[in-house]
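Fit chain R to the known structure of chain G by using the hints.
Chains G and R are the protein sequences, given in the same order. 1393 is the number of the first residue of the first sequence in our numbering; add one for each residue after it. 1393 is the number of the first residue of the second sequence in our numbering; add one for each residue after it.
No copy is singled out in the list; a pair is fine if it fits within one copy or between any two copies.
When the alpha-carbon atoms are kept at most 16 Å apart in a straight line, the in silico EDC-like pairs for lysine to aspartate or glutamate are as follows:
#1 Lys1700 / Glu1424
#2 Lys1395 / Glu1424
#3 Lys1396 / Glu1424
#4 Lys1466 / Asp1518
#5 Lys1396 / Asp1732
#6 Lys1621 / Glu1427
#7 Lys1466 / Asp1547
#8 Lys1735 / Glu1660
#9 Lys1491 / Asp1605
Calculated from the structure, these hints are not laboratory results.
Number of protein chains: 2
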Amino acid sequence: MHKKLFIPGPVEVKPEVLQACAAPLIGHRVPEYAELHGACIEPLRRMLGTKNDILLFTCSSTGVMEASVRNCAKKGVVVCMLGAFSDRWAQICLQNGKKTAKCQVEWGKAIRAEMIEKHLKTGEYDCVLLVHNETSTGVMNPIEEIADMMKRYPDVVFVVDAVSSMAGVKIDVDRLGIDVILAGTQKAFGLPVGLTVSAISPKAFARAKELPDRGYYFDFIEMKAFGDKNQTPSTPNVSIIGGLKFQLERFEKEGFENRYRRHANLKETCWNWMKEHGFGLFPEKGFESVTLTCASNTRKVDVPKWVKRMSDRGFVISEGYGRLKNDAFRVAHMADCTMDDLKECLGVMSEELKKL
Amino acid sequence: MHKKLFIPGPVEVKPEVLQACAAPLIGHRVPEYAELHGACIEPLRRMLGTKNDILLFTCSSTGVMEASVRNCAKKGVVVCMLGAFSDRWAQICLQNGKKTAKCQVEWGKAIRAEMIEKHLKTGEYDCVLLVHNETSTGVMNPIEEIADMMKRYPDVVFVVDAVSSMAGVKIDVDRLGIDVILAGTQKAFGLPVGLTVSAISPKAFARAKELPDRGYYFDFIEMKAFGDKNQTPSTPNVSIIGGLKFQLERFEKEGFENRYRRHANLKETCWNWMKEHGFGLFPEKGFESVTLTCASNTRKVDVPKWVKRMSDRGFVISEGYGRLKNDAFRVAHMADCTMDDLKECLGVMSEELKKL
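Pulled out of the complex, with its shape left as it was, chain G reads as follows:
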């Protein structure tokens, strides 16, 4: 049985997108490849509102989270910790021997500008790592407020993990002054796993040049040198880049604004279902994610049982992450998810909820 994914990645990928990824392989040093690679760049720049370099990394998002640390943190790094994935970034900093200030809140809370600024004021840090949308808790951080504050620290490189928001939520990279933004393709892009899209500013490249031990596979400078020729230093994930081109054409056909509006509408519908069925939202009010709903298990239902039964019916939703396993549950509504898809899933959730 085909099970439809309503988990926060990998997401459901449309059959025609899977077929676009299943095109015959081409070599990565032929003009056809450069053409394909190049065809993705301008649409991505338009989507992200940026003139920065777009680099395509063959890895999942964690790889470019690490790349950012190795390429952008010289004096020290402030890492915003609000859940499993942002916590992982702190771990990455430590495992790369970087001086790390932990800007940490309890799960469900958002990071506020002043929490980061407290560390920046010391002058000891030259890099900030912010997860925009924390997939484990469903919290979306106030990126506008944080970006405003960051403008007072022009020497600090501002890195944003937009893994579960990019392509589902509008993020104006240049207006916000984001130096590095990254997202894997298996979330709101509606593609398989294996490629991470990033936009890198001149400031980030300048910083990278000052760091001799930034490594090779994730070296921003080497990636840019090849990116300038619409290539990559190592063999890229040609198949997903083919799918990315296909998806970007679809995005522009839908219209980016319409796409974001669709995501906002899906969120509204999901929240309403939660309210109607007596569930609260896990995140702090005003900081709830648009691409996935993390609900509080206020009714104390047996979440793992419910999730299992949903799966048996062909709909995959998520338990709470890690220690939240039974205290929360998550429904993702991103990428190519339509209102009908979501309503179908919510309908089955209602049915199975009654039987718990």
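Chain R only, in chain G's frame:
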């Protein structure tokens, strides 16, 4: 027009393999994923003749070349340099701040055991990096001879890049005492780009534990902790892992020995064509690759023109690599390439050669 690939990666991928990779996505924290992941492990162990841990990295081969450096080189590393890809490994060592001894020969020559041993005798190095099959020159290093020598240095971690040989040439990992072996899926596995298969020995894991700055995405220890549960720390390339399972079943149906024999026969046929048409082989005699033929342009034909015309006919072969552009050309015959496929390509090469 679909162009058939006879380049040393990406290689031609069979339509049914592309379809296996185009299966609907599944989550990576569900039992179905662990089952899929687990289904690849024992066949890979059988293929490689090893009891070591099999780790699946979501990246192209260069990523795990870097991983090996960060996880295995403590005192210093001896890197065997005989062409573009092995030279890259030296670059990776330097960009990760490792003390590096260059064991270098001119392009076309092979690395011999005594060249490596000269460095090991100093006692200053605890890691050897050997490219088995150098894709840029078509040289296959004498791995048996080198492995025999390595047995005299039990504290040295022996890392082999088998990128363009694994699954096409028999490599008995445990008998040879290889601590880390790696290969991307887009070569003799006959799969798309985006996954790197590796087998890691207890000695390599022990070394990794001594290295605090081995990073995160490519951390052998973290990968093993999740690998023990048939999972990966970050989202894996589920689609290619699905294709890998499909291919491994096909390999076992063909029989590994038959598969290796097929590769040896393809090589013979390709060499004979070269001889008949007055071309020499670029590699030193006795060290020619089995999976790709690198021919010397002894007839001084216009290689780029020939390659272009072949492409126009729907057959992609390679010029010489880098500075060998016009002095050599390469025809790969690996993965699912049949004798008929190769003969068809060689036939068109004959036709186009006459017209040059």
